[in-house]
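Colleague: The chain contents come next:
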Amino acid sequence: MSKEAIVSFVNAKKTFKTKGKEQVAVRDVSFDVKEGEIFGIVGKSGAGKSTLIRLINALEKVDSGKVLVDGKDITKMNYSQLKHIRKDIGIIFQHFNLFDSKTVFKNVEFPLKIQSKELGLSDGERQKTVLELLDFVGLLGYEKHYPSELSGGQKQRVGIARALATSPKILLADEATSALDPETTVEIMRLLKKVNKEFGITIILITHTISVVRLICERVAVMSEGEVVELDTYKNVFKNPKSDAAKSLVNVFKILEGDGSLHE
Amino acid sequence: MSSLFSAGKTDWSIIGPALIQAVQETLYMVMLTLLIGGILGMILGCILWSTRKGSIFSNPALYKVLEFIVNLVRPIPFIIFLSAVQPLTITIVGTSLGTTAAIFPMCIFCTMATSRIVEQSLINVDYGVIEASYAMGASRLKTLFWVVIPEVMPPLVLGYAFIFIGIMDMSAMAGTIGGGGLGDFAIQYGYNKFNPIITWISVGIILVIVQCIQQFANFLAKKLLQH
Chain A
40 MSKEAIVSFV NAKKTFKTKG KEQVAVRDVS FDVKEGEIFG IVGKSGAGKS
90 TLIRLINALE KVDSGKVLVD GKDITKMNYS QLKHIRKDIG IIFQHFNLFD
140 SKTVFKNVEF PLKIQSKELG LSDGERQKTV LELLDFVGLL GYEKHYPSEL
190 SGGQKQRVGI ARALATSPKI LLADEATSAL DPETTVEIMR LLKKVNKEFG
240 ITIILITHTI SVVRLICERV AVMSEGEVVE LDTYKNVFKN PKSDAAKSLV
290 NVFKILEGDG SLHE
Chain B
3 MSSLFSAGKT DWSIIGPALI QAVQETLYMV MLTLLIGGIL GMILGCILWS
53 TRKGSIFSNP ALYKVLEFIV NLVRPIPFII FLSAVQPLTI TIVGTSLGTT
103 AAIFPMCIFC TMATSRIVEQ SLINVDYGVI EASYAMGASR LKTLFWVVIP
153 EVMPPLVLGY AFIFIGIMDM SAMAGTIGGG GLGDFAIQYG YNKFNPIITW
203 ISVGIILVIV QCIQQFANFL AKKLLQH
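Protein chains in written order, with our numbering: chain A, 40 to 303; chain B, 3 to 229.
Honestly, the hints are just simulated from the structure, not real lab data.
Hints should not be assumed to be uniformly reliable.
[Stated by the list, open to error] Derived BS3-like pairs: lysine-lysine, alpha-carbon spacing no greater than 27 Å straight-line:
#1 LYS58(A) to LYS66(B)
#2 LYS100(A) to LYS225(B)
#3 LYS183(A) to LYS56(A)
#4 LYS145(A) to LYS224(B)
#5 LYS55(B) to LYS52(A)
#6 LYS152(A) to LYS126(A)
#7 LYS225(B) to LYS145(A)
#8 LYS141(A) to LYS144(B)
#9 LYS281(A) to LYS83(A)
#10 LYS144(B) to LYS111(A)
#11 LYS115(A) to LYS66(B)
#12 LYS122(A) to LYS66(B)
#13 LYS208(A) to LYS144(B)
#14 LYS56(A) to LYS225(B)
#15 LYS183(A) to LYS144(B)
#16 LYS225(B) to LYS183(A)
#17 LYS156(A) to LYS144(B)
#18 LYS224(B) to LYS141(A)
#19 LYS122(A) to LYS144(B)
#20 LYS126(A) to LYS208(A)
#21 LYS224(B) to LYS100(A)
#22 LYS126(A) to LYS111(A)
#23 LYS56(A) to LYS55(B)
#24 LYS152(A) to LYS225(B)
#25 LYS60(A) to LYS55(B)
#26 LYS224(B) to LYS183(A)
#27 LYS66(B) to LYS60(A)
#28 LYS144(B) to LYS126(A)
#29 LYS55(B) to LYS58(A)
#30 LYS225(B) to LYS141(A)
#31 LYS167(A) to LYS144(B)
#32 LYS144(B) to LYS145(A)
[To be verified] Stretches of chain A that chain B covers, calculated by requiring three or more beta carbons in the stretch to come under 8 Å of a beta carbon on chain B:
#33 110 to 122
#34 139 to 145
As the structure is a computational prediction, the values presented were derived from the model and not from experiment.
Heads up, the beta-carbon is just placed ideally off N, CA and C, and yes, glycines get one too.
Bound conformation, chain A alone:
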């Protein structure tokens, strides 16, 4: 059973210029993410993960190379084409990035309003969609609440509902649980698993800890200094890490999870 690639990086490269200095964020990256899988990108802070994930919805643009989403090269799109394809790519963030001035309902409704021409929903249908999404993430009854009245986990649930509003094919998770406690992390990961199973949405998540990858990812790419240094199933990477970066991540994970200790 070979699945089609839904996201492909082809020699993608991205450099930032800050104060005259060039800093390579993504250095010649090529790999595919297959439709329907939960794919993890793991690496230390500054490894280029955040930039890489932003290349998928063109929040960042490549300097050279290609990024194919559903077979279409996103790097060559104009605004209206981008708007169209962004309907198919949801994203959730580490700090949720909810609109504080809008209620939970309005937050989830926002993408539906932005994409109203594409979706062609009536007011009633829009309202129904929002309520269904809130029900899905377990926040029915919170429509009139403001983000500041919610816990971190609840905020991320709103973020997920908002990201799913336009029925995307891909969900990007940018360190989605890094600001949450372990218990809430598990809850959110469970919800993402449900998103993947029930809707068949491809999930690409980035994280700096292997424990998050272990929870739900099938395959994982290990990033270091802008490059993908290892790409395999989670099991293989965990059992037999080949690159230094992967070894280090697995090692740290083992220390933190109880196999090791810093006590003398």
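Starting from the structure of chain A, add chain B where the hints point.
Modeller: Using the frame of chain A, we list chain B on its own:
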């Protein structure tokens, strides 16, 4: 027998109607300036913010030019600015005297001050929400109007209250070019006629107006901040 308080005669049959007219003139000048200067300042402030380097319409050259103009006008004492732009006022308004003529320089000054306050408020918006808006397919303009501005409504409301007090201040000075209003009234009937009671009445009315606006703004900002 002459004490400070009886130095000027308080003839209410003359002063009463003059006071009412002064209040009307002040409100006319202030409200019109707040409306015109407030809207133009909002637009200029949004342009300033969005043309900053790295912002949504990043255009450092345009930003530098606009910033230069704003910084050029703002430090000029208003009373000097008033006479400096007189030729321009005559060209545009047709006269340099009277309440309507006073509004022109007030609007320019108000636009500049408001633009800075709007820009400063917008700067505080977290880039994350802008990114989120883009990711959902919103254009840059929609992001500005649907996300960025609503996010800063509470500080904007307080900023406009601050601007309002500044305009009250300007309106008093505009009295010197025949703009009328409470400032002019206080000088003419109070200061010039050695009648401090009149001055105090003017001060009292100005304080009441300012307090009303400030309290209303506080209430509104609090209401908006509740979330």
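Colleague: Are the hints correct? Go through all of them and say.
Modeller: The hints, checked one at a time:
no. : hint                   : in the structure
1   : LYS58(A) to LYS66(B)   : holds (18 Å)
2   : LYS100(A) to LYS225(B) : violated (40 Å)
3   : LYS183(A) to LYS56(A)  : violated (43 Å)
4   : LYS145(A) to LYS224(B) : holds (20 Å)
5   : LYS55(B) to LYS52(A)   : holds (23 Å)
6   : LYS152(A) to LYS126(A) : holds (11 Å)
7   : LYS225(B) to LYS145(A) : holds (18 Å)
8   : LYS141(A) to LYS144(B) : holds (15 Å)
9   : LYS281(A) to LYS83(A)  : holds (16 Å)
10  : LYS144(B) to LYS111(A) : holds (26 Å)
11  : LYS115(A) to LYS66(B)  : violated (32 Å)
12  : LYS122(A) to LYS66(B)  : violated (31 Å)
13  : LYS208(A) to LYS144(B) : holds (24 Å)
14  : LYS56(A) to LYS225(B)  : violated (43 Å)
15  : LYS183(A) to LYS144(B) : holds (23 Å)
16  : LYS225(B) to LYS183(A) : holds (15 Å)
17  : LYS156(A) to LYS144(B) : holds (14 Å)
18  : LYS224(B) to LYS141(A) : holds (15 Å)
19  : LYS122(A) to LYS144(B) : holds (12 Å)
20  : LYS126(A) to LYS208(A) : holds (9 Å)
21  : LYS224(B) to LYS100(A) : violated (40 Å)
22  : LYS126(A) to LYS111(A) : holds (14 Å)
23  : LYS56(A) to LYS55(B)   : holds (13 Å)
24  : LYS152(A) to LYS225(B) : holds (25 Å)
25  : LYS60(A) to LYS55(B)   : holds (17 Å)
26  : LYS224(B) to LYS183(A) : holds (18 Å)
27  : LYS66(B) to LYS60(A)   : holds (23 Å)
28  : LYS144(B) to LYS126(A) : holds (16 Å)
29  : LYS55(B) to LYS58(A)   : holds (13 Å)
30  : LYS225(B) to LYS141(A) : holds (13 Å)
31  : LYS167(A) to LYS144(B) : holds (24 Å)
32  : LYS144(B) to LYS145(A) : holds (15 Å)
33  : 110 to 122             : holds (count 3)
34  : 139 to 145             : holds (count 4)
The structure fails hints 2, 3, 11, 12, 14, 21 (numbered hints given earlier, in ascending order).
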